[in-house]
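Combine the two chains into a complex, taking the hints into account.
These protein sequences, in sequence, are chains F and L.
Residue numbers for the first sequence follow the working numbering, so the first one is 1 and each next one is one higher.
Residue numbers for the second sequence follow the working numbering, so the first one is 1 and each next one is one higher.
Bear in mind the hints are in silico, worked out from the structure with no lab data behind them.
Check the hints yourself; a few may be wrong.
Over 10 Å on every C-beta distance to chain L, these chain F residues come out as not near it, computed from the model [stated by the list, open to error]: (1) TRP23; (2) SER238; (3) LYS369; (4) ARG508.
Quick look at which bits of chain F chain L covers, simulated, 3 or more residues with Cβ under 8 Å [to be verified]: (5) 267-279; (6) 325-332; (7) 557-564.
Just so it is clear, the structure is predicted and the values come from calculations on it, not from any experiment.
Where is the CB? At the ideal position from N, CA and C, for every residue including glycine.
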Amino acid sequence: MNRRLLPLVGLVAVLVMFAGVVWTASMLMRTEYKEPYGSSSATADNTPRVQGLAAEKADAETRDRDKPYAEVEYRAFPVVGSRVAIWAVAQLHLLFAAFVLAVPIFAIIIELIGYLTKDPRYDRLAHEFSKLLSVSFSLTATFGACLTFMLIILYPKFTNYLMSVFSPTFLPYVLLFFAEAFFLYTYYYGWGKFHPLVHLGLGLGLNVVGTSIMMIANAWVTFMMSPAGVSSKGALISVADAIDNYTWMPINIHRFIANIAFGGSIAAAYAAFKFLGAETDEERAHYDWMGYIGNFVAISAFLPLPFAGYYLAKEIYAYSQTLGLTMMGGAFSWLFIIQAILIGSLFLAANYYLWLGMGRVEGAQPFQKFVKYLLAAVALCFMVWATPRSIIATVSEVRAMGGPVHPILGFLGVMSAKNTAVNILILTTFMSFLLYQRTGKIATVAWAKTGYVVQLGIFAVAAFIVIFLGVYGYFVEASVRIGLSVPQVSAVLVAMVAITAIDVFLFRKPKMTGEVRWGKIPAISQYVLIFIAVTFTWLMGLMGYVRSGLRQHWHVYGIIRDTSPDAFTPTLGFATQVVSVTVLAFFALVGFVFWITSLHDRPAFVAQKKEVRVPLLGADVPEAERAS
Amino acid sequence: MMVPHTVRIAALVLGTTAFYGYVGQLVPQKEVQPPQEILIRADLTTADMVTVGRTIMDTKGLCFTCHTIGKSGVLRFPDLDGVDARAGTRVPGLNDIEYFAQSIYAPEAYIVPGFNPGMPVINKPPIGLTDQEILCVIAYLQSLGGTPTVTLQTTHRYLAAAPGAAPAPAAAPAAGAAPAGTVAPGAAPAAGAAPGGTPAPAAAPAPGATPAPAATPAPGAAPAGAQPPAPPGRGAQLSPGVSTPDATVAEDGGLRGFVGAVAILRPVVSHQVEARLEGAVAR
Chain F
1 MNRRLLPLVG
11 LVAVLVMFAG
21 VVWTASMLMR
31 TEYKEPYGSS
41 SATADNTPRV
51 QGLAAEKADA
61 ETRDRDKPYA
71 EVEYRAFPVV
81 GSRVAIWAVA
91 QLHLLFAAFV
101 LAVPIFAIII
111 ELIGYLTKDP
121 RYDRLAHEFS
131 KLLSVSFSLT
141 ATFGACLTFM
151 LIILYPKFTN
161 YLMSVFSPTF
171 LPYVLLFFAE
181 AFFLYTYYYG
191 WGKFHPLVHL
201 GLGLGLNVVG
211 TSIMMIANAW
221 VTFMMSPAGV
231 SSKGALISVA
241 DAIDNYTWMP
251 INIHRFIANI
261 AFGGSIAAAY
271 AAFKFLGAET
281 DEERAHYDWM
291 GYIGNFVAIS
301 AFLPLPFAGY
311 YLAKEIYAYS
321 QTLGLTMMGG
331 AFSWLFIIQA
341 ILIGSLFLAA
351 NYYLWLGMGR
361 VEGAQPFQKF
371 VKYLLAAVAL
381 CFMVWATPRS
391 IIATVSEVRA
401 MGGPVHPILG
411 FLGVMSAKNT
421 AVNILILTTF
431 MSFLLYQRTG
441 KIATVAWAKT
451 GYVVQLGIFA
461 VAAFIVIFLG
471 VYGYFVEASV
481 RIGLSVPQVS
491 AVLVAMVAIT
501 AIDVFLFRKP
511 KMTGEVRWGK
521 IPAISQYVLI
531 FIAVTFTWLM
541 GLMGYVRSGL
551 RQHWHVYGII
561 RDTSPDAFTP
571 TLGFATQVVS
581 VTVLAFFALV
591 GFVFWITSLH
601 DRPAFVAQKK
611 EVRVPLLGAD
621 VPEAERAS
Chain L
1 MMVPHTVRIA
11 ALVLGTTAFY
21 GYVGQLVPQK
31 EVQPPQEILI
41 RADLTTADMV
51 TVGRTIMDTK
61 GLCFTCHTIG
71 KSGVLRFPDL
81 DGVDARAGTR
91 VPGLNDIEYF
101 AQSIYAPEAY
111 IVPGFNPGMP
121 VINKPPIGLT
131 DQEILCVIAY
141 LQSLGGTPTV
151 TLQTTHRYLA
161 AAPGAAPAPA
171 AAPAAGAAPA
181 GTVAPGAAPA
191 AGAAPGGTPA
201 PAAAPAPGAT
211 PAPAATPAPG
221 AAPAGAQPPA
231 PPGRGAQLSP
241 GVSTPDATVA
251 EDGGLRGFVG
261 AVAILRPVVS
271 HQVEARLEGA
281 VAR
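The shape of chain L in the complex, shown without the other chains (with noise of 0.2 Å):
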């Protein structure tokens, strides 16, 4: 039997549609949802800021988009493997906090030899990291091949030129304080922390921080006072009226300790496809 040319081409469209579509099912799925809000407690320990920080970086902050830790040969951006201990003596007169706030607050004004310019304001749209999750990421980033210091009561010269910030005058470093990175007056010292800082007064929360009812004060600001007393859980929050379907976490702490902050830090990234298929092409 012969069969019409038109259903021939009919036929022919229909199957070269067909097995283009079915290459499409062949790749790995991933749908990738938008960034959730997050609202950093107060009272985060710097080993906490260090594992919120790295979930930031992995999930909001884009970062593994272009950085690599621990990859060596032709590379497109710097590696991250052991940076803490290149970052306090990169740039004259900045140590390892003030350099990484400026990479991300100021990213042109230094670029690593060898690569070219091209890393976004993170502060800023589209990526929009508040300071204090920034402060987190620094302190990820300090934990690359040095002792992170930072806690989210450390400043640094990008937050006190924050518009709306309260200015940290200066004042004399404690004995053994960390160059840069002030402590507020009040603030228990975190684990971790630089034993000491130039401490600041209580500051009115600095742009970035999320207007919750219990609003996490800026770094700077100091959390006796402005805040009611710490509740003994730790960890991030989300600003009201986002839902959080994966975790509830009440103002004091529903979740309690380290794993509800991290739990609580919705992936951003849900991989459909089982392990096997994971892994991105690198181009």
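Okay, chain F solo, but in the shape it has when bound (with noise of 0.2 Å):
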């Protein structure tokens, strides 16, 4: 038989047996049941059974036509539940988003460099940056479409009231997600086809759209832990109040710090990721700079956050003494101490990272003997912000203690102790971060020697007035001791602010010692960067998670109230497993993303495929591809 006619063979079998089988199924369903005697059909209605079941039928008909409509208040999520299916989605869709929104603001901000200093490296980074974005675009968009699906489907009459309090809101919302997809595709596949200030006006675009974007969502969740423009049966009264609650700008600054540290540590593990995969010095040059910048973005970043996070936490209490207290000092308090195991682990890695880094630079030697000092700082202030203030201990250890605050350790957990040990942290890896910076350089202006000194004598102010206020916040009363987090926070940022200024005149011209060299940095620095990535997204979800959680058994805090099974606010323990499996899905889908974007490096199928058919085909294949 030829074989040519095999499918059309084959079609004609599978409509014929398609056709077998409607017939069969229709032959079936006209088929009608029979008396095993043969009775008619007539005489089998009228007896009382066959009539009862009729006077049913029709009565649950007449039931189903007269049902009233009844709005449901949720439905149930197969197997894990509908609170943490709305938690997984909603904590992806967030990762990602901010990925998004991050990748942007530092892409222009590395190309205008580029553009002022007229160095084209830069414009190839930012560019190889946003390379990762519109992947992430999409992936973005469809865990958004997911959730508010499954808002609406598990969540129907909740959602229902959020969109009839932020109706004006949402289609202003859709407009921007259009333009967002506008300005990300045209700067992206527009690089190099503007002119440059043409590029970077759509990149500033992209991100004015972002933000907005942001601020519109972060208004929906910010109202429901701190809601305001409703009464107090939650009839709106104003939406501009509603959307301007108590926390909605501290979360605006703060997602829009935070996204900016989370995205250049994804971008750094990304570099980390092509660094550990190349294969030519060059490679490795490019993606250990890469890598650099990334990281360079993501510990600038994060130096302000908890910053950030005090004015956050702030207006928390300005708006609810109990819900602040409910965070700090009630169900979620041991979760701060999990918070400060990771900020710990992030400063600790920043810092190896940097150490680590002094090492591509010729003449470190001076600058590397810091190193042990630092080090130590960075432990001991990790080691005094993990401490809680009662220790988990056995019930023999509990009354040898007196209690479960430790008569020693027990003074270190409270907050004097903590805000001392996280700004002395933060000075610590400015510290770092400048010796680093001066690795291969000496200042050559006259004035070197003073601007040391007085660089010098700024850390050590502001060091002696973090820990003076430390040690007296002991001593004071608590509406006194709230307010020195402030003086402490401010003599760190003016301290980093004066040296860094005092820096950039201090280094002008400097006598090079030693040049960088891009790529001598051992592959464990790499896996730093990556640890690095993993810990910042673990803490978002952690973040995440006590933001939510803080309203307890309320969907919008005292107005809406949680009656669904899940209202209850689940153990730390099951919460960090939620988290960790989450993390771990985001990054399956951070490594999908790496591989379609590293397919753009790869040669192309033609030019693959040539090398087997060039000599089977001789000369019809063009010389550039033969060539590629």
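Given below as structure tokens:
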């Protein structure tokens, strides 16, 4: 048989089989049930049983016709339950959204630096960062749609309420989303196709639109935590007030900064991934530099993040002392010990990366001797920060201590000690960065010695203020102590700004003692970058949980109560399990994003096949393809 | 054998995530349940109210999120040890009951020197204690440094002002009556109650009284007449429809006496850790 006819025969066979199935099914449907003795259907219809069945059916139809519409409050999600399902999807959406919002911020800054310095390396770097955007944007939108549908399906009544309060914001949100897509794809695909200033304008548009989208979504989220603009029964009074609630602006600021830190860390992880797979020194040099810039962005944004956190916490307390104390002293207090371990790990890793990075600069030895002192300071602050007020101990240990509070370590568990530790930690990391920046350089200005002394003096004064106020906090009333964190934070911020300003002038035209050998860094440094990215992601998941879980059994705090089976606040152990699973899912998807992005650099399919086909087909392959 | 870097990265991501997940298992585990709606029976004695009030403060009231008892040093909110001894003299013209009521219903009206304002209005959401629950709380607060005198029939100006509640007309105080705290006629004086008080006529249940079949009258309402005869058992009762996995109470007191009153207050916070793990971090 001609093999070419086989597909046709197959198609006919399929059609015949389909017709056969339809015919058989129709026959079965038409065949009525017959009494064994072959009584007619007319006789059967008169039996009381059949009449009863008919009456029941008619009643059911009447009931169905008259059934009033009733709004469902909750629906269940199989296996994991509605809350965990929403939690995981919302978290994945937020993580990708944070990345998509962050990358354009530092891409445009790097592009601008390239434009101003006329150094094409920066332009290439910005382009490389933006390669990660398009796939991430699609995933963000997909998870966003998934979240919306799941909210409508699983929490219809509550979603309906939120939509009724914020109805004027939804259309602008959708329009802005279209604008985001326009700017993002024009920015990415238009790289090198427009005048640099036009391209920078597109990048600016992308950032403005992206930030606006975030601020609208933040209004919905923060309203749930600190509702405003509604009556005590939930009736809408003012949409503007509902948007501009107590925690809206603090969350906007906190998320804006945190997104940059998170985005920088993921971009650095991408560079590390590429570095580890690089085959040439040139590639390694490029991705080492990219990883350094990504990490620089992440840590630069990370340093002021605790201050934004203070602002957010202050506004939570201002809205409701109960909410604030539930967060810091109630059910969630131990969560902040986990947070301390995460942030301490981040600081340790960030410092370690900087210390390893000194090795790639010639003439780093004079600075490397300080590393042990910096490590001691970081480790000490880490330990203080992670010390709980009440110690987990056995009954006999508790008896021996005279209570759950350790007689000495208990002093380190209070806010005064923790504020001091975190501020010193920030100062130490800043010093690590400063030392790294100075590696291989000598200041040549006439006032160099004076500059060093002044910088050291500023450091010392800032550290003294932080420690003094920390100790002073133990001896004053709460109303005074709460206010002490402001001068502590201010001292650190002023010190960082002042020292950086002096440094800029101090190293204006430095004498170079050694050049930076990009790519000459131990491979472990790249794993450190990935560790930082995972830790940032996990931290975001944890803090997302506390922000949302703080409402406890309320959908909208004090207004709409959660009456679902999931109204209880889960244990921290359970919450961390959900966070861990979500983080793993996120990194599986990030791996997919990295893989898709790396396809960009692969040789074209035609070129790959050409190597096989060239000997067979001869000279019909273009010269350029053959070369590639 | 050289392990591919993708495998190493995957192991690092998995290991880091597992480590943080493990840290999450090391800390004390608490599952916080939403507070149950509580219906206070009308025949609670003052002594019963003290214990019920303490339980409410521990659970639904969230009082000890901020306040302490017997703690000295630098505090964020006033310590409640011996508070009744101070309460009667804090604000001129207010006795201890009126002062406690003001602190609960209008906490911004008076701020204890040295402290910042910050206490929420307790009879409004998110805490939303009922008037009867607040009376129990007041009873407990009176027991801290004083003698509890409040009963469920006691009224104060915040109850009198409550919309929907029948105002309690002033009447000549009986000899030895507490300056504030009015007792409805027909109410059997509870043990430990102030011997007397301003009689108030029977009143409609005030807002906040849980609409239950055997609705407990609001303070100021006369239990006799408005209620079936008081059963011998005393205690709190959950409103209908609220499941009580750990106790079942019939309307006439399936669980009798004070034990029933307290047992039925289902713990809001279930500690899943061993006793040795208990203790929150004070920050």
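How the hints compare with the structure:
| no. | hint | in the structure |
| --- | --- | --- |
| 1 | TRP23 | holds, 54 Å |
| 2 | SER238 | holds, 19 Å |
| 3 | LYS369 | holds, 30 Å |
| 4 | ARG508 | holds, 41 Å |
| 5 | 267-279 | holds (count 3) |
| 6 | 325-332 | holds (count 6) |
| 7 | 557-564 | holds (count 5) |
This entry satisfies every hint, going by the numbered hints stated previously.
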